[in-house]
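Trainee: I would like the entire structure built from these sequences, with the hints used as guidance.
Number of protein chains: 2
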Amino acid sequence: MIDPEALLRRMFQAALDAADPRLCLPPFLAPLAARPCGGRTVVIGAGKAAAAMAAATEAVWAEHAPGAAIEGLVVTRYGHGCPTAGRIEVVEASHPVPDDAGRAAAGRILELVRGLGAGDRVIALISGGGSALLTLPAEAISLEDKQAVNRALLKSGASIHEMNAVRKHLSAIKGGRLAAAAAPAQVHAFLISDVPGDDVDVIASGPTVPDPSTLADARAVLAKYAIDPPAAVARALADPAYETPKRGDPIFEGVETTIVARPQASLEAAAEVARAAGVEPVILGDAIEGEAREVAMVMAGIAAQIARHGQPAAAPAVLLSGGETTVTVRGQGRGGRNAEFLTALAVAVEKRCADVADCIAAVAGDTDGIDGTEDNAGALFLPGDLERARATGVDLAGHLANNDGYGAFEALGRLLVTGPTLTNVNDFRAVLVLP
Amino acid sequence: MIDPEALLRRMFQAALDAADPRLCLPPFLAPLAARPCGGRTVVIGAGKAAAAMAAATEAVWAEHAPGAAIEGLVVTRYGHGCPTAGRIEVVEASHPVPDDAGRAAAGRILELVRGLGAGDRVIALISGGGSALLTLPAEAISLEDKQAVNRALLKSGASIHEMNAVRKHLSAIKGGRLAAAAAPAQVHAFLISDVPGDDVDVIASGPTVPDPSTLADARAVLAKYAIDPPAAVARALADPAYETPKRGDPIFEGVETTIVARPQASLEAAAEVARAAGVEPVILGDAIEGEAREVAMVMAGIAAQIARHGQPAAAPAVLLSGGETTVTVRGQGRGGRNAEFLTALAVAVEKRCADVADCIAAVAGDTDGIDGTEDNAGALFLPGDLERARATGVDLAGHLANNDGYGAFEALGRLLVTGPTLTNVNDFRAVLVLP
Numbered sequence: 284m285i286d287p288e289a290l291l292r293r294m295f296q297a298a299l300d301a302a303d304p305r306l307c308l309p310p311f312l313a314p315l316a317a318r319p320c321g322g323r324t325v326v327i328g329a330g331k332a333a334a335a336m337a338a339a340t341e342a343v344w345a346e347h348a349p350g351a352a353i354e355g356l357v358v359t360r361y362g363h364g365c366p367t368a369g370r371i372e373v374v375e376a377s378h379p380v381p382d383d384a385g386r387a388a389a390g391r392i393l394e395l396v397r398g399l400g401a402g403d404r405v406i407a408l409i410s411g412g413g414s415a416l417l418t419l420p421a422e423a424i425s426l427e428d429k430q431a432v433n434r435a436l437l438k439s440g441a442s443i444h445e446m447n448a449v450r451k452h453l454s455a456i457k458g459g460r461l462a463a464a465a466a467p468a469q470v471h472a473f474l475i476s477d478v479p480g481d482d483v484d485v486i487a488s489g490p491t492v493p494d495p496s497t498l499a500d501a502r503a504v505l506a507k508y509a510i511d512p513p514a515a516v517a518r519a520l521a522d523p524a525y526e527t528p529k530r531g532d533p534i535f536e537g538v539e540t541t542i543v544a545r546p547q548a549s550l551e552a553a554a555e556v557a558r559a560a561g562v563e564p565v566i567l568g569d570a571i572e573g574e575a576r577e578v579a580m581v582m583a584g585i586a587a588q589i590a591r592h593g594q595p596a597a598a599p600a601v602l603l604s605g606g607e608t609t610v611t612v613r614g615q616g617r618g619g620r621n622a623e624f625l626t627a628l629a630v631a632v633e634k635r636c637a638d639v640a641d642c643i644a645a646v647a648g649d650t651d652g653i654d655g656t657e658d659n660a661g662a663l664f665l666p667g668d669l670e671r672a673r674a675t676g677v678d679l680a681g682h683l684a685n686n687d688g689y690g691a692f693e694a695l696g697r698l699l700v701t702g703p704t705l706t707n708v709n710d711f712r713a714v715l716v717l718p
Numbered sequence: 284m285i286d287p288e289a290l291l292r293r294m295f296q297a298a299l300d301a302a303d304p305r306l307c308l309p310p311f312l313a314p315l316a317a318r319p320c321g322g323r324t325v326v327i328g329a330g331k332a333a334a335a336m337a338a339a340t341e342a343v344w345a346e347h348a349p350g351a352a353i354e355g356l357v358v359t360r361y362g363h364g365c366p367t368a369g370r371i372e373v374v375e376a377s378h379p380v381p382d383d384a385g386r387a388a389a390g391r392i393l394e395l396v397r398g399l400g401a402g403d404r405v406i407a408l409i410s411g412g413g414s415a416l417l418t419l420p421a422e423a424i425s426l427e428d429k430q431a432v433n434r435a436l437l438k439s440g441a442s443i444h445e446m447n448a449v450r451k452h453l454s455a456i457k458g459g460r461l462a463a464a465a466a467p468a469q470v471h472a473f474l475i476s477d478v479p480g481d482d483v484d485v486i487a488s489g490p491t492v493p494d495p496s497t498l499a500d501a502r503a504v505l506a507k508y509a510i511d512p513p514a515a516v517a518r519a520l521a522d523p524a525y526e527t528p529k530r531g532d533p534i535f536e537g538v539e540t541t542i543v544a545r546p547q548a549s550l551e552a553a554a555e556v557a558r559a560a561g562v563e564p565v566i567l568g569d570a571i572e573g574e575a576r577e578v579a580m581v582m583a584g585i586a587a588q589i590a591r592h593g594q595p596a597a598a599p600a601v602l603l604s605g606g607e608t609t610v611t612v613r614g615q616g617r618g619g620r621n622a623e624f625l626t627a628l629a630v631a632v633e634k635r636c637a638d639v640a641d642c643i644a645a646v647a648g649d650t651d652g653i654d655g656t657e658d659n660a661g662a663l664f665l666p667g668d669l670e671r672a673r674a675t676g677v678d679l680a681g682h683l684a685n686n687d688g689y690g691a692f693e694a695l696g697r698l699l700v701t702g703p704t705l706t707n708v709n710d711f712r713a714v715l716v717l718p
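As they're listed, the protein sequences go chains Y and C. Residues 284 to 718 (my numbering) make up the first sequence, in order. Residues 284 to 718 (my numbering) make up the second sequence, in order.
You can take every hint at face value.
Quick list of in silico lysine to aspartate or glutamate cross-link-like pairs, EDC-like style, CA-CA up to 16 Å:
{"hint": "1", "chain 1": "C", "residue 1": "Lys634", "chain 2": "Y", "residue 2": "Asp481"}
{"hint": "2", "chain 1": "C", "residue 1": "Lys634", "chain 2": "Y", "residue 2": "Asp482"}
{"hint": "3", "chain 1": "Y", "residue 1": "Lys634", "chain 2": "Y", "residue 2": "Glu670"}
{"hint": "4", "chain 1": "Y", "residue 1": "Lys634", "chain 2": "C", "residue 2": "Glu607"}
Distance ranges between label pairs, derived from CB positions:
{"hint": "5", "chain 1": "Y", "residue 1": "Gly614", "chain 2": "C", "residue 2": "Gln615", "range": "27 to 35 Å"}
{"hint": "6", "chain 1": "Y", "residue 1": "Leu426", "chain 2": "C", "residue 2": "Arg671", "range": "40 to 48 Å"}
{"hint": "7", "chain 1": "C", "residue 1": "Leu437", "chain 2": "Y", "residue 2": "Leu426", "range": "44 to 52 Å"}
{"hint": "8", "chain 1": "C", "residue 1": "Ala597", "chain 2": "Y", "residue 2": "Ala597", "range": "15 to 23 Å"}
{"hint": "9", "chain 1": "Y", "residue 1": "Thr611", "chain 2": "C", "residue 2": "Ala597", "range": "31 to 39 Å"}
{"hint": "10", "chain 1": "C", "residue 1": "Met284", "chain 2": "Y", "residue 2": "Ala313", "range": "46 to 54 Å"}
{"hint": "11", "chain 1": "C", "residue 1": "Leu437", "chain 2": "Y", "residue 2": "Thr675", "range": "24 to 32 Å"}
{"hint": "12", "chain 1": "C", "residue 1": "Gln615", "chain 2": "Y", "residue 2": "Thr609", "range": "23 to 31 Å"}
{"hint": "13", "chain 1": "Y", "residue 1": "Asp286", "chain 2": "C", "residue 2": "Ala317", "range": "50 to 58 Å"}
{"hint": "14", "chain 1": "Y", "residue 1": "Thr609", "chain 2": "C", "residue 2": "Gly702", "range": "32 to 40 Å"}
{"hint": "15", "chain 1": "Y", "residue 1": "Glu539", "chain 2": "C", "residue 2": "His592", "range": "20 to 28 Å"}
{"hint": "16", "chain 1": "Y", "residue 1": "Thr611", "chain 2": "C", "residue 2": "Ala431", "range": "25 to 33 Å"}
{"hint": "17", "chain 1": "C", "residue 1": "Val612", "chain 2": "Y", "residue 2": "Ala313", "range": "53 to 61 Å"}
Note that these hints are calculated values from the structure, not bench results. Ideal Cβ placement from N, Cα and C applies to all residues, glycine included.
Mentor: Here's what the structure looks like:
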């Protein structure tokens with residue numbers, strides 16, 4: 284007998300655990316701590332998981348290198364700090380819109396690694412959100428110029444790769460420039476991936492890895508989308524001094540990059556939980572994107588196929604997916620993309636496959652613990668909830684029309700609240716189909 | 284070595300063949316023809332497959348009951364007629380917006396079955412599109428009244444089941460009323476399903492099957508969506524004489540309903556072709572719905588997962604799905620939902636998983652042979668097409684922004700043209716992932 288709520292919660296927790304810095308980072312750090320470098324060990328980092336990664340690093344050093352000095356500075360999002368031993372300073376700053384606290388921290392991080400020698404060691408703790416938290420315009424570029432270009436790019440329809448080609452060339456820290464500043468010190472970068480495909484140059488805009496894009500690419504993107512940049516930006520993009528470091532550049536000889544957590548690993552962990560419960564996991568992808576309500580409609584269709592035809596798997600089965608959906612806001616309601624996804628899933632089940640509604644349950648949540656701007660990570664949808672909604676006057680279709688997923692699941696008592704999880708492997712969705 | 288174009292075409296053809304009246308209908312008709320009823324055999328029908336179903340019926344009778352009289356009338360969409368032996372009259376009419384030809388045919392069909400006796404036999408050939416082709420308002424309801432209510436329903440956001448609850452109660456032929464007119468004759472209804480879940484009361488609005496909805500349901504739908512109906516409609520919906528026949532009504536004792544083709548069977552047929560070619564079929568569902576470009580993004584995500592992680596199947600694999608996507612038209616271009624889906628798939632592959640682009644190929648088409656209003660059934664997307672598009676200046680993202688899927692694939696020479704197929708099991712999509 285499967286308890287859908289318990290199973291869904293266990294799968295979500297397994298996804299979080301697989302990405303928890305306290306669990307996933309020590310196995311990689313311990314050998315490093317046990318092997319002193321002779322020089323200084325400077326820890327820097329940025330992202331939603333930065334504080335937790337710093338605390339884990341301190342703990343590993345306390346255990347494996349109790350006498351060794353460790354120092355540094357990481358920057359995380361407001362509210363994503365956590366208790367540390369105090370050897371690594373933790374600064375909080377604004378995300379996704381950068382602020383002065385983040386800019387100051389980025390400047391101090393660059394200062395910390397500049398001037399280190401070949402006998403010194405940098406441990407870089409990089410996670411999602413690091414890009415906004417590490418905003419520092421390149422020399423002679425004002426923040427206003429950078430923001431103007433950024434706004435134009437966001438409106439243009441350019442892909443994330445195209446936008447990054449421009450952004451990296453206007454930054455003092457992204458696109459490998461942090462590694463350049465740290466050379467000739469040894470750099471050990473540990474990454475928690477929140478991006479589809481786990482491209483290391485996309486995670487936090489790749490401060491420690493070679494940039495595959497060029498100044499010419501950056502200029503081509505602006506030309507393609509007919510973006511007329513401020514004069515200082517145009518000058519920079521025409522000046523070879525602004526080229527980012529590339530693969531093969533000697534500055535990367537001392538850099539070692541390790542991904543310690545990623546969406547796929549969290550999906551696999553949830554799949555293990557499902558399997559142990561006798562439920563067949565169907566991993567649809569770690570990079571499932573699209574408008575949340577439309578993605579939900581597709582998932583409802585696949586869930587109905589499982590229930591009606593035993594395809595692509597026989598029930599009990601669970602559709603697992605990661606990646607980031609989008610919400611085109613038209614209403615006035617509250618809630619993030621996961622609550623929107625789940626509201627749309629409930630409406631799709633009711634309108635399109637009511638015959639199998641009792642077999643379908645789901646969880647959707649942001650693994651960073653914050654679905655948008657509210658206090659919930661996501662929500663749960665359980666068998667019987669459609670009748671409960673009808674009986675208690677919760678108009679799910681109305682909530683959906685108003686982009687009010689939070690309101691819908693608050694009314695149903697089905698919000699999933701974790702608080703900041705201090706990690707981030709993007710969204711996690713599980714749609715369970717019972718026999 | 285897999286030839287992606289040949290395999291995709293074979294799968295699409297297999298989907299069509301599984302729904303071809305000339306192939307799928309005779310096995311059900313032959314036993315009937317071989318067993319004379321003693322009275323008259325009247326063939327009636329409506330839908331995009333009606334002419335082909337009538338021709339198949341004539342052929343079966345010619346073979347198995349050469350001496351027996353057979354007569355009747357079917358109505359199909361303009362352009363969906365086909366050569367017949369002339370014993371069953373074929374009328375063409377307008378779809379999806381009804382016209383006088385359809386209304387007149389519906390009236391004649393009712394006349395044909397009225398007054399038949401218990402020794403007579405009706406063969407009803409029902410397929411998708413039959414609802415619009417069999418428009419006949421109930422007594423005292425004008426076509427204008429019915430259309431006004433219909434427009435209000437379409438704007439309201441009501442589900443198809445809710446809309447049908449109202450429509451059936453305002454019709455002289457839908458919701459089992461055709462069966463009521465034919466009683467006490469034996470009615471053998473043969474259905475080609477184009478609807479998710481194959482609900483027999485939804486296919487062509489269920490002219491020969493019990494109506495699960497009631498007058499009270501119809502009134503509740505209008506109240507729910509605050510639709511103020513014309514006076515004649517309000518009077519009808521309050522008058523028990525307008526109730527549709529229900530399950531258990533003696534008029535259905537002589538009715539036998541058989542689904543001879545359905546989306547799921549077409550997906551299974553395509554899956555067989557894939558299997559025979561050594562490609563693992565993953566049937567995602569016969570009822571995959573949603574905005575075409577968003578569904579495409581999800582499919583690209585799943586295809587990328589196959590290519591990168593071998594989940595939910597190892598390459599070579601093919602994602603098969605049916606059901607009807609929607610297109611919110613914002614541009615000025617040409618093409619139906621299948622061309623839009625495929626354009627969006629190409630753009631998603633280029634923007635979101637370029638690393639595996641060479642592994643991905645796809646076909647999307649309407650099984651009725653007409654994707655929207657153009658002359659194509661759909662289109663093909665093959666490995667190398669992204670480079671060809673770039674090299675020849677075909678701006679796929681621009682075509683997508685302009686809802687110009689037809690233009691995109693016309694420029695690439697990848698339109699799939701079949702002409703009317705004389706059947707309809709909704710859309711067919713196959714996304715192939717090569718190793």
